[in-house]
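Undergrad: Could you put the whole structure together from the sequences, leaning on the hints where they help?
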Amino acid sequence: MPKGGARKGAGRKPKPLAEKLAAGNPGKRPLKKVEFVNNTYDPSTPPKYLTALEKKSGHSVVTPTEIYQRVIAYLEPSECLHLIPEELICEYVMANYYSVQAKYELSQSNHVGINNKGEVVVTSFAVFMQKQQKQVLDIWDKIWEIVSRNSERIMDNPEHDMLALILSGRVRKKRGADDYAANGDS
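With the sequence shown counted from 1, adding 1 to any position gets you my numbering.
Treat the hints loosely; a few may be bogus.
Result set (SDA-like, lysine to any residue): computed pairs, CA atoms no more than 20 Å apart in a straight line [stated by the list, open to error]:
id : residue 1 : residue 2
1  : LYS143    : LYS49
2  : LYS49     : ILE73
3  : LYS143    : LEU84
4  : LYS132    : GLU153
5  : LYS21     : GLU80
Label pairs and their calculated CB-CB ranges [what the hints assert, rightly or not]:
id : residue 1 : residue 2 : range
6  : LYS132    : ALA53     : 22 to 32 Å
7  : GLU80     : GLY28     : 16 to 26 Å
8  : LYS132    : LEU89     : 16 to 26 Å
9  : VAL121    : GLU88     : 33 to 43 Å
10 : LYS118    : ARG154    : 53 to 63 Å
11 : PRO78     : SER125    : 36 to 46 Å
12 : ASP142    : TYR105    : 21 to 31 Å
No lab work stands behind these hints, which were simulated from the structure alone.
Every value quoted in this text rests on a predicted model; they were computed, and no experiment measured them.
Built from N, CA and C at the ideal position, the CB exists for glycine as well.
TA: This is the structure in structure tokens:
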């Protein structure tokens with residue numbers, strides 16, 4: 002287990018571009034904006050393999066095309082949809098689709114069982130569903146990092162809800178101005 006030093010993901014996370022612009026660019030250095038001129042895909046239409054998957058799956062709670070359209074509609078106001086690779090969006094759509102399907106199938110069956118020794122165990126399908134949820138959040142974090150670093154608009158991350166905080170296992174305490182005054186911090 003690492004005890005110190007440089008490691009992946011360590012350190013303070015950079016401020017989103019929109020917050021830097023709202024603060025008036027206190028560092029007075031030019032802000033980094035990623036620019037791509039070669040836009041090879043049309044985000045308004047989903048890729049063919051997503052629509053083909055709809056035809057193959059018989060009963061589904063939600064279709065990959067519906068998820069794709071919701072994601073695109075959410076990301077369009079950020080004005081940096083062209084920076085996100087189509088493959089990354091489709092990867093998120095597929096992971097989210099399989100996660101929703103797994104949740105539906107799990108609701109139709111037992112997710113806790115008893116093994117040969119009489120011990121209570123969680124089925125492997127429930128474990129798969131939890132891993133799928135983690136994969137969905139990991140992929141969304143990649144997308145959200147692109148959006149937060151490059152969008153000039155302040156947007157809320159829909160994936161940071163209470164359930165996601167509980168599943169992540171991290172304890173996050175936000176201190177307000179009253180907490181700082183009570184502790185004598187300046």
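Undergrad: For each hint, tell me whether it holds in the structure or not.
TA: Hints versus structure:
no.: 1; hint: LYS143 <-> LYS49; verdict: violated, 23 Å
no.: 2; hint: LYS49 <-> ILE73; verdict: holds, 16 Å
no.: 3; hint: LYS143 <-> LEU84; verdict: holds, 12 Å
no.: 4; hint: LYS132 <-> GLU153; verdict: violated, 33 Å
no.: 5; hint: LYS21 <-> GLU80; verdict: holds, 17 Å
no.: 6; hint: LYS132 <-> ALA53: 22 to 32 Å; verdict: holds, 25 Å
no.: 7; hint: GLU80 <-> GLY28: 16 to 26 Å; verdict: holds, 23 Å
no.: 8; hint: LYS132 <-> LEU89: 16 to 26 Å; verdict: holds, 19 Å
no.: 9; hint: VAL121 <-> GLU88: 33 to 43 Å; verdict: holds, 41 Å
no.: 10; hint: LYS118 <-> ARG154: 53 to 63 Å; verdict: holds, 56 Å
no.: 11; hint: PRO78 <-> SER125: 36 to 46 Å; verdict: holds, 40 Å
no.: 12; hint: ASP142 <-> TYR105: 21 to 31 Å; verdict: holds, 24 Å
The structure does not agree with the numbered hints 1 and 4 stated previously, though it agrees with the rest.
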